[in-house]
Amino acid sequence: AQSVTQLGSHVSVSEGALVLLRCNYSSSVPPYLFWYVQYPNQGLQLLLKYTSAATLVKGINGFEAEFKKSETSFHLTKPSAHMSDAAEYFCAVSTIIQGAQKLVFGQGTRLTINP
Amino acid sequence: EPEVTQTPSHQVTQMGQEVILRCVPISNHLYFYWYRQILGQKVEFLVSFYNNEISEKSEIFDDQFSVERPDGSNFTLKIRSTKLEDSAMYFCASGSAYNEQFFGPGTRLTVL
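Heads up: the protein sequence lines correspond to chains W and U, in order. For what it's worth, my numbering labels the leading residue of the first sequence as 1, then goes sequentially. For what it's worth, my numbering labels the leading residue of the second sequence as 1, then goes sequentially.
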């Protein structure tokens, strides 16, 4: 079975500082990995995805993530935090069943940006 | 930009009542999903639907749950007899390919 662990349920950084949100996965097959963001009272928006191509994946809003197989990690980073980045972030791993995809999510990390 | 929509945004019901949560997926998508998020917990997979049938369902998706795509545009989740523990945010998602899903804004279900 696949699983995801997000280290840190709450992360707080200053505006302009580096954002690092940690995600480790467990998968018996090569994984597809995703980061989603959820703003208050909204649905889940895809930030970026890894699907076995380049290990460094660039997403929207200046975020990127690096797939490291040896560390079973897919950490999300952004060089300089902006106030609008405050949200809940979810890492997910997927399995493919009969062509459809099942996402297994981590617990989420709430990112707070301090002025 | 096309988006997944869900109605209602908030549904309050009495325990034992039936509820139907509605979703309109993005029009050319072929894969449809329901997830739920109990307050303070992780997002959990409920069911996937492709080619007019369920592809996979989780242990949560028992006989009280059903899904339907009645008219080629809507995708519904029915809970026949709601329990208190069904209170959660329910998310619909759709995708055109197996490696991406677009989520709706969710329906908050409160069972009293």
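Some clues are possibly wrong.
[As the list claims (entries may be wrong)] These stretches of chain U come out as covered by chain W in the derived footprint (C-beta under 8 Å, 3 or more residues):
| id | stretch |
| --- | --- |
| 1 | 11-18 |
| 2 | 48-54 |
| 3 | 74-80 |
[What the hints assert, rightly or not] Computed cross-link-like contacts, EDC-like style, restricted to lysine to aspartate or glutamate with a CA-CA straight-line distance of at most 20 Å:
| id | chain 1 | residue 1 | chain 2 | residue 2 |
| --- | --- | --- | --- | --- |
| 4 | U | K78 | U | E1 |
| 5 | W | K49 | U | E59 |
| 6 | W | K49 | U | E44 |
| 7 | U | K42 | W | E88 |
| 8 | U | K78 | U | E68 |
| 9 | W | K58 | U | E44 |
| 10 | W | K69 | W | E15 |
| 11 | W | K49 | U | D62 |
| 12 | U | K57 | U | E3 |
| 13 | W | K49 | W | E15 |
| 14 | U | K78 | U | E100 |
| 15 | U | K83 | U | E44 |
Honestly, the hints are just simulated from the structure, not real lab data. Don't be surprised by glycine CBs; every beta carbon is placed ideally from N, CA and C.
Open item on the list: Just to be careful, I want the Cα atoms of K49 of chain W and E44 of chain U compared with a cutoff of 20 Å; is the pair within it?
Closed with: holds, 19 Å
Task: Whether chain W covers the stretch 11-18 of chain U (at least 3 residues having a Cβ closer than 8 Å to its Cβ atoms) - done: violated (count 0)
TODO: Below or equal to 20 Å on CA atoms is what counts here, so check K69 of chain W against E15 of chain W.
DONE: violated, 31 Å
Open item on the list: At least three residues with a C-beta closer than 8 Å to a C-beta of chain W: is that true for the stretch 48-54 of chain U?
Closed with: holds (count 3)
Open item on the list: Tell me if the straight-line CA distance from K78 of chain U to E100 of chain U falls inside 20 Å.
Closed with: Roughly 24 Å separates the two Cα atoms, so the pair is violated.
Task: Hint consistency between K57 of chain U and E3 of chain U [alpha-carbon to alpha-carbon, up to 20 Å] - done: At roughly 24 Å apart (the allowed maximum being 20 Å), E3 of chain U and K57 of chain U break the hint.
TODO: For the pair supplied as a hint, K78 of chain U and E68 of chain U, confirm whether the alpha-carbon distance does not exceed 20 Å.
DONE: Roughly 8 Å separates the two Cα atoms, so the pair holds.
Open item on the list: Next pair to validate is K78 of chain U with E1 of chain U; report whether the Cα-Cα distance is within 20 Å.
Closed with: Violated, at about 28 Å.
- [ ] Please work out if K42 of chain U and E88 of chain W have their alpha carbons no farther apart than 20 Å.
- [x] The given pair, whose Cα atoms are some 11 Å apart, holds under the 20 Å limit.
- [ ] Sort out whether E59 of chain U lies within 20 Å of K49 of chain W, counting only the CA atoms.
- [x] Outside the cut-off at roughly 27 Å; violated.
Open item on the list: Check the hint pairing K49 of chain W with D62 of chain U against an upper bound of 20 Å on the C-alpha distance.
Closed with: violated, 31 Å
Open item on the list: Check whether the Cα positions of K49 of chain W and E15 of chain W lie no farther apart than 20 Å.
Closed with: Between K49 of chain W and E15 of chain W the Cα gap is close to 25 Å, so the pair fails against 20 Å, i.e. violated.
Violated hints for the displayed structure, listed by number in ascending order: 1, 3, 4, 5, 9, 10, 11, 12, 13, 14.
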